[in-house]
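Chains A and B, in that order, are what the protein sequence lines are. If you're matching positions, the first sequence starts at 1 in the working numbering and goes up one per residue. If you're matching positions, the second sequence starts at 1 in the working numbering and goes up one per residue.
Please keep in mind that the hints were generated in silico from the structure rather than gathered at the bench. The beta carbon of each residue, even a glycine, is placed where N, CA and C say it ideally should be. Treat the hints loosely; a few may be bogus.
[What the hints assert, rightly or not] Calculated cross-link-like contacts (lysine to any residue; reagent style SDA-like; alpha-carbon spacing at most 20 Å):
{"#": "1", "chain 1": "A", "residue 1": "Lys198", "chain 2": "A", "residue 2": "Thr241"}
{"#": "2", "chain 1": "B", "residue 1": "Lys207", "chain 2": "A", "residue 2": "Gly185"}
{"#": "3", "chain 1": "B", "residue 1": "Lys33", "chain 2": "A", "residue 2": "Pro23"}
{"#": "4", "chain 1": "A", "residue 1": "Lys121", "chain 2": "A", "residue 2": "Ile141"}
{"#": "5", "chain 1": "A", "residue 1": "Lys184", "chain 2": "B", "residue 2": "Glu84"}
{"#": "6", "chain 1": "A", "residue 1": "Lys228", "chain 2": "B", "residue 2": "Thr233"}
{"#": "7", "chain 1": "A", "residue 1": "Lys228", "chain 2": "B", "residue 2": "Glu84"}
{"#": "8", "chain 1": "B", "residue 1": "Lys207", "chain 2": "A", "residue 2": "Trp244"}
{"#": "9", "chain 1": "A", "residue 1": "Lys124", "chain 2": "A", "residue 2": "Asn97"}
{"#": "10", "chain 1": "B", "residue 1": "Lys302", "chain 2": "B", "residue 2": "Thr233"}
{"#": "11", "chain 1": "A", "residue 1": "Lys134", "chain 2": "A", "residue 2": "Arg158"}
{"#": "12", "chain 1": "B", "residue 1": "Lys33", "chain 2": "A", "residue 2": "Asp24"}
[Said to hold, decoys possible] Pair by pair, the computed Cβ-Cβ distance ranges are:
{"#": "13", "chain 1": "A", "residue 1": "Lys2", "chain 2": "B", "residue 2": "Arg90", "range": "51 to 61 Å"}
{"#": "14", "chain 1": "A", "residue 1": "Ala78", "chain 2": "B", "residue 2": "Leu301", "range": "40 to 50 Å"}
{"#": "15", "chain 1": "A", "residue 1": "Arg243", "chain 2": "B", "residue 2": "Ala288", "range": "53 to 63 Å"}
{"#": "16", "chain 1": "A", "residue 1": "Glu21", "chain 2": "B", "residue 2": "Lys50", "range": "40 to 50 Å"}
{"#": "17", "chain 1": "B", "residue 1": "Lys50", "chain 2": "A", "residue 2": "Arg243", "range": "15 to 25 Å"}
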Amino acid sequence: MKRKIIRHESLGGRYRSMDFEWPDDGAKPGQFVMVRISDSTDPLLRRPMSIANLEDGLMSIIYNVAGRGTSLMAEKRAGEAVDVLGPFGTSFDPPKNASHLLCVMGGVGAAPFLFLKKRNKDRKMVGFYGAANKDGLGISIPMDEMHFATEDGSVEKRGLVTDVLLEHPAMKNRDAHIMACGPKGMLRAVDEICVKHKISGELSLEERMGCGFGVCLGCAVETDAGNKRACVDGPVFKAGTIRWRT
Amino acid sequence: MANMKVRIGSLELANPVIAASGTFGYGVEFADKLDLRKIGAFATKGLSLKKRAGNPMPRICETPSGMINSIGLENVGLDAFESEKLPLIRKTGARVVANFFGETQGEYVAAAARLDAMDGVHALEMNVSCPNVEKGGIEFGSDPVLLEKLTASVRKAVRKPLIVKLSPNVADVRPLAMAVQNGGADAISAINTLKGMSINVRTREPKIRRVFGGLSGPAIRPVAVRMVYECATTVKIPIIGLGGITTVEDALEFLIAGATAVQVGTMNFVEPSICERLADELSKWCDAEGIADVNDLVGSLKLG
Chain A
1 MKRKIIRHES
11 LGGRYRSMDF
21 EWPDDGAKPG
31 QFVMVRISDS
41 TDPLLRRPMS
51 IANLEDGLMS
61 IIYNVAGRGT
71 SLMAEKRAGE
81 AVDVLGPFGT
91 SFDPPKNASH
101 LLCVMGGVGA
111 APFLFLKKRN
121 KDRKMVGFYG
131 AANKDGLGIS
141 IPMDEMHFAT
151 EDGSVEKRGL
161 VTDVLLEHPA
171 MKNRDAHIMA
181 CGPKGMLRAV
191 DEICVKHKIS
201 GELSLEERMG
211 CGFGVCLGCA
221 VETDAGNKRA
231 CVDGPVFKAG
241 TIRWRT
Chain B
1 MANMKVRIGS
11 LELANPVIAA
21 SGTFGYGVEF
31 ADKLDLRKIG
41 AFATKGLSLK
51 KRAGNPMPRI
61 CETPSGMINS
71 IGLENVGLDA
81 FESEKLPLIR
91 KTGARVVANF
101 FGETQGEYVA
111 AAARLDAMDG
121 VHALEMNVSC
131 PNVEKGGIEF
141 GSDPVLLEKL
151 TASVRKAVRK
161 PLIVKLSPNV
171 ADVRPLAMAV
181 QNGGADAISA
191 INTLKGMSIN
201 VRTREPKIRR
211 VFGGLSGPAI
221 RPVAVRMVYE
231 CATTVKIPII
241 GLGGITTVED
251 ALEFLIAGAT
261 AVQVGTMNFV
271 EPSICERLAD
281 ELSKWCDAEG
291 IADVNDLVGS
301 LKLG
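Start from the sequences, fold in the hints, and give me the full structure.
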C-alpha cells in the first residue's frame with residue numbers, strides 16, 4: 001500500500017525517522033511494518049521496520065542507515081510515496097500488575113519503546129539504553145527514568161546495558177517486568193537475566209525476513225515449542241522460551 | 001474477452017497464473033491478500049509424509065534482483081496438512097496444486113498416493129530437487145534413468161494430474177524433460193531455484209548457514225526462459241514456466257517460449273497480491289493485442 005511521506009529527517013548519527021500517512025489505528029507497540037525500498041527489483045525484498053509511533057493518522061518508523069537498501073530509503077523525500085505493508089507480528093503485553101516496567105534497548109532497537117511509552121503514558125517505565133557509542137543513542141525516549149551505557153564510555157557507564165540493568169534496585173523485585181529490543185547478544189543476556197532472577201520478560205527479536213507475514217519461513221526462531229516464525233509468532237517472544245544457538 | 005483458460009492434463013485452470021510452491025505458504029495465509037479464485041491455482045509449500053523442522057538460520061539472504069534461500073523443506077507434514085490446512089483451503093475456493101517430495105522412491109509414492117486421495121487437492125507437483133538417500137545422495141532430478149523410474153512409479157499411484165518440477169542445476173535439461181514425459185507425467189514445471197552462494201566479506205562467513213542455497217527472483221529469469229524453451233521444444237506435454245516473473249511482460253516471455261502456464265514465486269513476498277494482478281493484466285493485454293485465446297501465445301516464438 002502506497003503511503004504519502006509527511007516528514008523524513010535525520011535523528012543525528014545514522015538514524016532517520018520517517019512519518020507517513022496511516023489512517024488505520026490498529027497497530028500495537030512491538031509490531032512492525034514491511035517497507036519496500038523502491039519499485040525496482042533491486043533491492044528486491046521489503047525491510048522490516050519497528051513502528052515507532054502511530055498518532056493522528058501518521059505512522060513513524062525509525063531506521064539505521066546501515067546498507068544499500070536503507071541508504072536508498074534515506075533518499076526518499078517528504079511528499080513522495082512509500083510502499084508499506086502491515087502491521088505484522090505480536091506486540092509487547094506488559095502485565096497490568098507489574099511492579100516495575102524495565103525497558104532494555106540497544107541502538108535502533110529503542111524505536112518500539114517510543115510507541116510503547118506513548119500508548120502507556122500513565123505507566124512508569126525505566127529505560128536502559130545501550131549502544132557502541134554516543135551516535136547509537138540517537139532515539140530520544142520520554143521514559144520516567146533513563147540509564148545509558150556505551151561500549152566506548154562516551155555516554156554514562158562504559159560497558160553493557162545489561163550490567164546497568166543488573167545494578168538497578170528494581171531487579172530485586174520479582175514482580176518487575178523486563179522488555180527488550182536490540183542486538184541478539186543483548187537479547188540473549190536479557191533472557192538469561194530474566195530466567196536467573198525469575199522475572200517475567202518479553203524479547204523483540206530482529207531477524208532477516210523475506211515476506212513478514214509467515215510464508216517464506218526465512219525468519220525461523222528455535223523455541224521450546226519448536227520452530228516459530230519471528231514475523232507472525234514474534235517478533236515479541238516470552239523470555240525463557242528461546243533456544244539460543246552459540 | 002480473450003479466453004484465458006488453460007489445461008494441465010485433466011485440470012482446467014481459469015487462467016495461466018499459478019502461485020509457486022514455497023512462496024505461498026498453504027494458501028490460507030493469502031486469503032485476505034487476494035481473491036484466490038481469481039488466480040489459476042496455487043502450489044502449496046513442499047509436503048512430506050512427516051513434518052520437517054528445516055535448516056538452521058540464517059536461511060535467506062538478498063542478492064542483486066534476487067534472493068537465496070535454504071529453508072530445508074520445513075513443512076507441517078501430510079497429517080497436519082490434511083487435518084488443519086486443507087479444510088481452510090477448501091473454503092477459499094482455490095485450485096490447489098500440492099507440491100511434495102521424499103527422500104526415497106517409496107516415500108514419494110506414499111506421499112503422492114495420500115495427496116491423490118485428498119478432497120481439495122486438484123493436482124500434484126513433484127519436487128525432484130532432493131537427494132536420494134538410497135542412491136548416495138544423488139538428486140532424483142539430475143539422473144534421467146532415476147527420474148523416469150520415479151515418475152513412472154508415482155504415475156501408477158495417482159490419477160490426478162501429475163506435474164514434475166525440474167531442477168536447473170543440470171548440464172542439459174532436455175533428457176530430464178524427456179524422462180518425465182516417458183514416465184507418464186502430465187506436465188513439467190521449470191525451473192526450481194539455481195544453486196547459489198553469497199559471502200559476507202566482513203565476517204568471511206557464508207550468508208546462508210548451509211553455505212549453498214537456491215537462488216530465485218528476477219536474476220534467474222533469462223536462465224528460466226531458456227530452459228522452458230528447451231523443454232517445450234523437446235516434449236509434447238505442457239510446460240509451466242517459472243523463474244523471476246515480476247510483470248505481465250515476463251509472464252508473456254514464458255508463454256511465447258512454450259509455457260502453457262506460469263508460476264510466480266519470490267515476488268509473492270514483495271507484493272502479496274501480484275498473482276491476481278498479473279492474471280488481470282494478462283487478460284487485458286490479450287484483449288488489447290487482439291489475441292482471442294491465451295493458448296495461441298504458447299510457443300509462438302518467431303525465429304529469424
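Structure-based check of all given hints:
1. Simply put, A/Lys198 and A/Thr241 have alpha-carbon atoms about 13 Å apart, close enough for the 20 Å limit, and the pair holds.
2. A threshold of 20 Å between alpha carbons decides the hint, and for B/Lys207 with A/Gly185 the separation of about 19 Å falls inside it, so the pair holds.
3. Proposed proximity of B/Lys33 and A/Pro23 is supported: the alpha carbons are some 19 Å apart, at most 20 Å.
4. Between the alpha carbons of A/Lys121 and A/Ile141 the distance comes to roughly 12 Å, so the proposed pair stays at or under 20 Å and holds.
5. Simply put, A/Lys184 and B/Glu84 have alpha-carbon atoms about 33 Å apart, too far for the 20 Å limit, and the pair is violated.
6. Simply put, A/Lys228 and B/Thr233 have alpha-carbon atoms about 44 Å apart, too far for the 20 Å limit, and the pair is violated.
7. Proposed proximity of A/Lys228 and B/Glu84 is supported: the alpha carbons are some 17 Å apart, at most 20 Å.
8. Using a Cα cut-off of 20 Å, the hinted pair B/Lys207 and A/Trp244 holds, with the two alpha carbons roughly 19 Å apart.
9. Between A/Lys124 and A/Asn97, the direct Cα distance comes to roughly 12 Å. Compliance with the 20 Å bound is thereby established for this hinted pair.
10. At roughly 13 Å between alpha-carbon atoms, B/Lys302 and B/Thr233 fall within 20 Å of each other, so this suggested pair holds.
11. Taking the CA atoms of A/Lys134 and A/Arg158, the gap is near 11 Å; set against the 20 Å cutoff, the hint holds.
12. The straight-line distance between the Cα atoms of B/Lys33 and A/Asp24 is roughly 17 Å, inside the 20 Å bound, and the hint therefore holds.
13. Against the hinted window of 51 to 61 Å, the Cβ-Cβ separation of A/Lys2 and B/Arg90 comes to about 34 Å, which falls outside the hint.
14. For the pair A/Ala78 and B/Leu301, the supplied restraint of 40 to 50 Å holds, since their beta-carbon distance comes to about 47 Å.
15. At about 55 Å, the beta-carbon gap between A/Arg243 and B/Ala288 stays in the expected band of 53 to 63 Å.
16. A/Glu21 and B/Lys50 have their C-beta atoms about 47 Å apart, which keeps the hinted 40 to 50 Å range intact.
17. Checked against the hint of 15 to 25 Å, the C-beta distance between B/Lys50 and A/Arg243 comes to roughly 21 Å, which is consistent with it.
Hint violations for this structure: numbers 5, 6 and 13, all remaining hints satisfied.
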